[in-house]
Amino acid sequence: MPTTTASAVCTTVGNNILLRLTSGERDVKLKALRELKNQIIGNRTKKLSFLKLGAVPAVAGILSDAVSAVDVADNDENDRIVKDIIVQSAAVLGSFACGFEAGVRAVLDAGADILIQRGCLVEEMPLLKSYMEVVDAGARSLKMIYQSKMAPKYDFLQEENMEFLLSLLNNESENVSGLGASIISHSCKTSLEQKLLFDAGVLKRLTSLLGGSLIQRDASLESIATIFKNNPEVVSQFVGPDTGRTLSCIIEIVKDRFARTRLLASLCLIVIRNASPCYLQDVGIKTKLINNLLELLDDPGRVGDEASFAFSSLIAEKEDMQKLAFEVNGVDKLYNHLQKGSLHPRRFEGILLALADMCSKLECCRSRCLSLQVLKLVVDALAHDSSDVRSAACMCLRSVSRSIKNLSAGSFMNETIVIPLVRLLDDTSTAVQVAALGAISNIVVDFTTRRSTFIRLGGVKLLVQLSKSMDSTIRLNALRALRNLIFLAEDKCKEEIFMELTASLLASLICDPEPSVQEQALALVRNLVDGRINSVEYIFAEDGIILDAVGRQLRIASKAEIEIQGMYVLGNVATGKESHKEAVMDQLLLRAENKAQSCIIKFLQSNDSRLRTAAVWAVLNLTCSSSPGSSGRLVKLHDAGIVSHVKNMVNDPCLDVKLRVKTALEQFNSFDDSLASTSCLQFLTVRAVGELSHVVDPSSKEEESIANYFRFSMKKNKKKKSTRTVKFCFDVPADSL
Amino acid sequence: MSLFWIVIRQLAEIEAMAMSKKVITREEWEKKLNDVKIRKEDMNKLVMNFLVTEGYVDAAEKFRMESGTEPDIDLATITDRMAVKKAVQCGNVEDAIEKVNDLNPEILDTNPQLFFHLQQQRLIELIRNGKVEEALEFAQEELAPRGEENQSFLEELERTVALLAFEDVSNCPVGDLLDISQRLKTASEVNAAILTSQSHEKDPKLPSLLKMLLWAQNQLDEKAAYPRINDLATATLEDPAI
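Line by line, the protein sequences give chains A and B.
Counting from 1, position 287 in the first sequence corresponds to residue 287 in the working numbering; the numbering is continuous, with no gaps.
Counting from 1, position 78 in the second sequence corresponds to residue 815 in the working numbering; the numbering is continuous, with no gaps.
Bound-form chain B, shown alone:
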């Protein structure tokens, strides 16, 4: 072999050693996992928190009965909140507004952005149902003044009114406004505002935990090869790739 080859192989060997990460086998990993203690009560609380924040009243009630975990807010208030969320998801925005105002008249009065988005959703529903004249009137009477008060509202308003300009609404640039996802977005916003007014966290803890897991795995990837959870839904450990 030529000296050249020897040098190259040496270099490769040195590089491999420098970059070699610690390898952890599945047995080692599972052993470490088993050593970590998690309390059942904590997990129950997390589940309850998720059910309550997302508004699954019946599930929360049943879970409370079966596990003995106390929810951190009054389940009765969840019902009211869910009624609002549902109304928005079905496109009954006017009904939703009335319900919010019954629940707490301060919310919409002190939350101009939320109020604007609800009004915007009303407009979208009118357009979706083909009530063009009514939509125009509504835009002028209710939404235009909001647009005057705030520049960003004006831009969103213009986008919404643009829906009226297109023949084929499903394929136009602002067509996404007619999606169900827009309703869900608005519903989520209302839900969050109500939760905040009740001094409750607007996001459940579970997603944060999962994000933390993914982040921690990414950090560890730089230092070791170990069994990873790649599919959050199944949470199965996948062997390290060597």
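Pulled out of the complex, with its shape left as it was, chain A reads as follows:
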């Protein structure tokens, strides 16, 4: 069979070479080394087969012998051969380590990195003429090794190591100084190391290397970025006349003729920019960086792949940058690249993430995406082979679906989008599942009540299953999706969801070990019991285990977010029948161990105005004038000291709280008045609180439009209700997970 012949030939040749390597004669050895080198350079398959034949330890041995032989070299001829042997064996080892992980491992195992360092770079070679060849060969090989993640960590804390590094950097040869820079780029990870290097003054030398050859420039740019990355302290010390020079130098290099250099220069500037509030903030440099990166996308190779990731790091979380990028048609340009089809997975992932970042805060970007029909390509990507691409596609969807305008138009709740998304809930990769949950959380906030599509496609079953996952991130995100799904859902819909969830699961999730999961579970219940009075019944299912759980959590919780959700649950339940209100009273008046008073008093005194608001709502609903049992409840509340606390809040600094307290006091007074009017205070306000990914501004237009929409829809509902609050939540920014 042809293949067998081929590999048989290979092995024969291979064995032949290896045999000659062991020869006693230097000439033969040298020749064999050169042959081996020429066989493996550029040829991954050959590297692998020679690896298996044990070439690496053999060559390392030869190098070791040659280095020891240096001292005893006695004539020119021997000099030359020994030097050649060192050069060739270093080249062979360097090639094995070039972009070939198994090779790097073998080279490291053979201790070749130390050998090369000692043999080629450290000692002066008194007897060997033209030792620059040796130094260069050694430096090249070590640089290859240090480009791999597996390379040993360079210990900057050791003084002699630092000195060696500085000597490398200061060397004239571009390979040697390039090696020094590579070591920094590879090994400098902690802020302590960054500071050490900065204090040792490497920046000055690195800046001068910026004016050197291509190799020196590229290596230097990477190192400079490594030293400053995520380290505001070091950046802040980067002041003085040198700084301006370095920065302007790098800014010039952004226009370099080589694409990779342009990318590295941009990355360097981005790192400095992100770590410092004052450098590189003017519009000119911002626009330059954006345009440069968008242009680099055109590069067909790895540079183009990485350009989109650099773009993301430039604009992520920064609305001003996203706006600038939008103004130079960033969305269109990204879309054009997406359209090209059969993209390398890395490039595909990068562009999707870039679009996700573009649309994360700005409605104009989302609208543009939707009008360009980006969705179609994104939905196709949901089924891509690479999990990174699938994940990126979900994030893109998540960003675009933050568009309330389109959510209310039902642009996302259709089968073409929902089916592949639901399929991803079952994905093998956890990251993909979490990303899919993020997208679903937004999409199910469907104002046209077409969420039956989602339910019909089996979405609820999967979400409930995921809410039982071992992974807390998945539980959290699944609950968030369910919470948004239940938001303002129709009765039938709620029933289906509740049947799938079951009361016992909900109760256990409320008591989940993770506080963030507890919070989502409570928010879910809050949305569950909103609506018609029947909805309140859910909380009493299975002997009221849910209500008990809520009460329990309120008594022991310490995180404000949990307490807020819990209080709103109670507040919503308190809008129900008499029995419901009484049940809430029971929970409130139950005291936690070692506590002298009801938990609600602690909430009323909280520093967090949201919590105070929630607490007052509950009191309001419990003492609603239209309910027969309210006067009795008012007495109990009074006895528990709660009423007086509320009265003390009449001048609360928060307007929301103040208004509720005012209403509450009016209600209290209406009981004192024997001629209490029968007018009831009935609010049909549904306060919808949207937590969008940017800072929630209660006066923002989007907020108002949501609230108006709901007021309108609730007016159609003729039921007399006391105040209710519901809450839907768009995906919460990652840092609060």
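Hints are computed from structural coordinates only; laboratory data are not their basis.
Please note: incorrect hints may appear among the correct ones.
A partial selection of chain A residues facing chain B, derived with a Cβ cut-off under 10 Å [said to hold, decoys possible]:
id, residue
1, N38
2, R44
3, L51
4, G54
5, V92
6, S95
7, R140
8, K143
9, S148
10, F198
11, G212
12, S213
13, L214
14, I215
15, Q216
16, R257
Where a beta carbon is used, it is the ideal one built from N, C-alpha and C, also for glycine.
Guided by the hints, dock chain B onto chain A, whose structure is given.
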């Protein structure tokens, strides 16, 4: 004359005036040219740059001696590079690979496309010399794995192997692979890679200048009639056509 004729002539006159471009005579043009100052040093640099990039070592050396212009790279490195280029142009690809690896072992290790093209050229040379079995073996052992790693390589490989399928290779659809031009293409690619690794521009400046000239003339054509250079080789001014 009928009114109709008068109207037509008027229209023609108006059109002619609207489209009339500025006309520049040869004297005017040559006068303008004489007013433009170019430094001799700049021209020398351009010539040196061309000689060095294309690899004409002896010419560059002589030019340096006669004009005193310093080359921007070490002439010694040119010799090495030219040896590689020559080897490829003669079809000694294996020799070329060895030389490149001696010059800088990183080049082929970090340039998969170039490496593939060199291997491809080796295959072509084997086929050209009628060594069919050896060619097949080589294709299987050396090139097939490259094709597995990369889709575009696979397509090129298939094209090359197709040479073996034809009796009359010079007339088959992939016959262009056997042309000298293919060797020159590969040689050029190697040359460029070596130059890049030495941080030198891979293209000489002279062609860019000429392209710029042609472009500028095309732009000006829309606005004026003037003496043009139509033959770059002779660079003679040809009078404007009126």
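Comparing the hints with the structure gives:
Interface restraint check: A/N38 against chain B, minimum CB-CB distance 5 Å, threshold 10 Å, status holds. Because the closest C-beta pair between A/R44 and chain B is about 7 Å apart, less than 10 Å, the hint holds. A distance limit of 10 Å between C-beta atoms decides the matter here; for A/L51 the minimum to chain B is near 14 Å, and the interface restraint is violated. About 21 Å separates the beta-carbon of A/G54 from the nearest beta-carbon of chain B, more than 10 Å, and the hint is not met.
Because the closest C-beta pair between A/V92 and chain B is about 9 Å apart, less than 10 Å, the hint holds. Taken as an interface hint, A/S95 checks out: its beta carbon lies about 6 Å from the nearest beta carbon of chain B, inside 10 Å. For A/R140, the interface hint holds, the least distance from its beta-carbon to any beta-carbon of chain B being 6 Å, beneath 10 Å. With its C-beta approaching chain B no nearer than about 9 Å, A/K143 sits inside the 10 Å limit, and its interface hint holds.
Hint status for A/S148 relative to chain B: violated, with the closest Cβ pair at about 13 Å, above 10 Å. Interface restraint check for A/F198: the shortest CB-CB distance to chain B comes to about 28 Å, outside 10 Å, so the restraint is violated. Interface restraint check: A/G212 against chain B, minimum CB-CB distance 8 Å, threshold 10 Å, status holds. With its C-beta approaching chain B no nearer than about 4 Å, A/S213 sits inside the 10 Å limit, and its interface hint holds.
Restraint check, A/L214 versus chain B: the minimum CB separation of about 4 Å is within 10 Å; hint holds. For A/I215, the suggested interface contact is upheld, since its CB lies about 7 Å from the closest CB of chain B, less than 10 Å. Nearest Cβ of chain B to the Cβ of A/Q216: about 9 Å, under the 10 Å cut. The hint holds. Checking A/R257 against chain B by beta carbon gives a least distance of about 7 Å; that is within 10 Å, so the hint holds.
In this structure, the earlier hints numbered 3, 4, 9, 10 are contradicted, and the remaining ones agree with it.
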